[in-house]
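Colleague: Could you build the full structure based on these sequences and the hints that come with them?
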Amino acid sequence: MGELELEDRERFEQLVLPYVDAAFNLARWLLRGRADAEDVAQEALLRACRFFRGFHGGDARAWLLQIVRNTCYTWLEKNRPMELSTEFDEEIHLQACATPENLAIAGDDRERLILALETLPPRFREVLVLRELEGCSYKEIAAITSLPIGTVMSSLSRARRQLHSALANPTQKGAVREV
Amino acid sequence: MKCDFADSLLQGYFDGELSDRRAAEFERHLGHCDHCATELVDLDWLSGRLQLTPIYEPAPASLRRTINTHLHPIAPTRPASQPLLWQWLTAAAALLFIAFILWRVGPELRSDDYQAELAGEIVDAHLRSLQPGHMTEIASNDERVVKGWFDAKLKFSLPVRDFARAGFALNGGRLDVVEGRSVAVLVYEHNGHPINVFVWPTREPDTSPRTGSRQGFQWVDWRKDKMEFCAVSDAAPADLEQLHKLFHSSV
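Chains H and B supply the protein sequences, listed in that same order.
Residue numbering for the first sequence is 1 to 179, as defined by this note's numbering.
Residue numbering for the second sequence is 180 to 430, as defined by this note's numbering.
Since the hints were derived computationally from the structure, they do not count as laboratory data.
For glycine and all other residues, C-beta sits at the position ideal for the given N, C-alpha and C.
One should not assume that every hint holds.
Over the 12 angstroms line for every Cβ pair with chain B, so calculated as not near, a few chain H residues [unchecked claim]:
1. G57
2. R123
3. A143
To give an idea of the chain H side of the interface with chain B (calculated C-beta under 10 angstroms), a few residues [claimed, not checked]:
4. E38
5. L133
6. R160
Modeller: Below, the structure written as structure tokens:
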């Protein structure tokens, strides 16, 4: 990374470094763990540094998060291919860990929320994290995920529905929604 | 009753992504559609849960440090083109002098650097833990329960003691990351002040406690029986010293 000239380095620090938290948070939710997230976020940031000359202004956060996301998916393909291959089989995924029993015994609201979120398929999880935690617009999410806006919207809608039912009916008894 | 209005319109309206004209159209529809009204409330509930629960995870200090080190590598020194003999000699003498100084006080300096860096990370971790819901992953004042929780997660055996009788009540524990490695954290409370005691295995010999303060927090660090402990809190330094003594005599 010594190849960044002083001027580029200052620009990188000004434009990209403010989003280190966003980078780590996205990696943490995509990989479902802090240790892996740190490794992958680091790799992504080093890459961003290497490719920084190719960044000609615009939305630095979206640019960085796109690199983080790609690095995460490459890592998942290599280390946990099952997670990506079963992603659209929502039933299987739901059975994996957010069973009503697991959700019911998870200690507090925060733990329940984390568990329910981690149980969503990665592509649902990422749109939710980008929208709700990062406050990205549809257009930004589309840029980060390289998905058409229509797909972003439908993923977001399905993700919300799944998360809502996991949280609102932890014991699956009765259809009363806690609102 | 399911409504004919496209789901994407509802989402777009909720997320503020519709054009003014489309939003007005949807609002007219909303006036007489119970289904969409309920869905909006659900969306709002879910969004509130996601945004109000502290689940956003900021980057650990170690990640920032790694990136910084990469951005500011130590510049290689350029050898002089035609060095004169006396320049070499001066340089050699200076090097000898520096080597001597480093030999005498180096270990002390290195250790202080390490301590300062460690204290910085520990205080960062302490600050993070003060956010609502971040303090304990296992909340219990039962030594055995807390120890059992850690034993299932750690590769080392962690001594867990409740010092409630001495005024330091065990509140639970959690795992945290300091200097890029997982550490155990025992959480105590003393007169309303939360105290985090970070514990991890070490190969270094035992030390007497070192203390310091940073960003308004006190810390005390010591090593005993191949374990390093670092307690940090906004409590008075004397309180931390007392906690150190309790640990020292019990562990």
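Colleague: Can we trust that A143/H is non-interface, i.e. its beta-carbon lies farther than 12 angstroms from all of chain B?
Modeller: holds, 14 angstroms
Colleague: Holds or violated: R160/H as interface residue toward chain B, Cβ cutoff 10 angstroms?
Modeller: holds, 6 angstroms
Colleague: For the hint on E38/H, does the least C-beta distance to chain B fall short of 10 angstroms?
Modeller: This hint holds: E38/H lies near chain B, its Cβ roughly 5 angstroms from the closest one there, short of 10 angstroms.
Colleague: With a cut-off of 10 angstroms on the beta carbons, see whether L133/H makes it to chain B.
Modeller: holds, 5 angstroms
Colleague: Against chain B, does G57/H hold up as non-interface, every C-beta pair farther apart than 12 angstroms?
Modeller: holds, 20 angstroms
Colleague: Holds or violated: is the Cβ of R123/H farther than 12 angstroms from all Cβ atoms of chain B?
Modeller: holds, 16 angstroms
Of the hints listed earlier, there is not a single one the structure fails to meet.
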